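If you read the sequences in order, they're chains A and B.
According to UniProt numbering, the stretch in the first sequence is residues 1 to 86, in order.
According to UniProt numbering, the stretch in the second sequence is residues 1 to 230, in order.
Hints are computed from structural coordinates only; laboratory data are not their basis.
Here the structure is a predicted model, which means the values were calculated and not measured.
Cβ atoms here follow ideal geometry from the backbone N, Cα and C, with glycine treated the same way.
Please note: incorrect hints may appear among the correct ones.
[What the hints assert, rightly or not] Partial list, derived from the structure: chain B residues whose beta carbon lies under 10 Å from chain A:
#: 1; residue: Glu-109
#: 2; residue: Met-172
#: 3; residue: Arg-178
[What the hints assert, rightly or not] Among chain A residues calculated to face chain B with C-beta under 10 Å, some are:
#: 4; residue: Thr-14
#: 5; residue: Ala-15
#: 6; residue: Phe-21
#: 7; residue: Thr-24
#: 8; residue: Arg-28
#: 9; residue: Gly-68
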Amino acid sequence: MSDRINEKIQNYRTAPFDARFPNTNQTRNCYQNYLDFHRCNKALSAKQQDPAPCEWYRRVYTSLCPMGWVQRWDEQLEEGSFAGRI
Amino acid sequence: MAHPSQLGFQDAASPVMEELLHFHDHTLMIVFLISTLVLYIIMAMVTTKLTNKFILDSQEIEIIWTLLPALILILIALPSLRILYLMDEVNDPHLTVKALGHQWYWSYEYTDYNNFGFDSYMVPTQDLTPGQFRLLDVDHRMVIPTESPVRVLITADDVLHSWAVPSLGIKMDAVPGRLNQTAFIVSRPGIYYGQCSEICGANHSFMPIVVEAIPLKHFENWSTLMLENS
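So that you can see chain A by itself, here it is in the shape it has in the complex (with noise of 0.2 Å):
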């Protein structure tokens, strides 16, 4: 499987239509890959093992997401302050 994921990384051209985000407005879809990222971060870590398919949400999010809110959101995450559950 992750044989799978680190293909999908290596052909990854944009983020690709995602079904559950079918519509117009995409802020949910750029956050929940943000979110995503972290949490799978976290949670491969924690189980010590290699975080590299969590690659696909940081594109995903690299691409959808304003570089404006991504640093937003990191510097509040460094600070603690972020508003969302990771």
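Position chain B against the provided structure of chain A, taking the given hints into account.
Just chain B, lined up with the frame of chain A:
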């Protein structure tokens, strides 16, 4: 771009805009035919000396002038719905670009591979070089490869703006805190102009949008160049 004394739409640069253009031609023709008929009937009624004081009803004509409009409306609705669903098709984009509206300029981000972005300010009138368009040209255009499905995510940094490019058939509001998605394919290389379409303050009329579509190979050269320079 728009031309002086222009009557119709700008030339379509995307398949969706072509469909919209043809639909508009079809519907406008129906509207002209109905208006001409009604105008003729009015003229005829107004200019005749004949009178009739004894008609009470007529089933036949009532049926005709109920069914015919219903048929005409169906003839308009079917192509309209076809295009509506066409615009809503699931697409598999090759590229994602973000357009952020600020007071009073747009900025574009290309972050699929690197964190690359730039601002796009209108060229002030006194700084125009010969051949540039007043109030339309910008210092850095949004560059796009032709014939590739492109996803544009539009948002704003401060107040409401709206990202519009008429020749691509696109208009999408830029709302702070919200990411609005639209997609298009540019059929031919060229430069396509649009203007901010939501009132956003003093310089709302002075933050145009310019999309430059070039073949994929040249697009790759452009993005490599821009990355090296930034």
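Tested hints:
With its C-beta approaching chain A no nearer than about 6 Å, Glu-109/B sits inside the 10 Å limit, and its interface hint holds. For Met-172/B, the interface hint holds, since its Cβ comes within 10 Å of a Cβ in chain A; the closest pair sits about 8 Å apart. Given hint, Arg-178/B at the interface with chain A, holds; its Cβ is 5 Å from that chain's nearest Cβ, closer than 10 Å. Using the Cβ-Cβ criterion of 10 Å, the hint placing Thr-14/A at the interface with chain B is satisfied: the shortest such distance is roughly 4 Å.
The restraint placing Ala-15/A at the interface with chain B holds, with a minimum CB-CB distance near 6 Å, inside the 10 Å limit. A cut of 10 Å between beta carbons decides the hint on Phe-21/A: the least distance to chain B is about 9 Å, and the hint holds. At its closest, the beta carbon of Thr-24/A sits 5 Å from a beta carbon of chain B; the interface hint therefore holds under the 10 Å criterion. Annotation: Arg-28/A was flagged as interfacial toward chain B, and the flag holds, the nearest CB pair being 9 Å apart, inside 10 Å.
About 7 Å separates the beta-carbon of Gly-68/A from the nearest beta-carbon of chain B, less than 10 Å, and the hint is met.
The structure meets every hint from the earlier list without exception.
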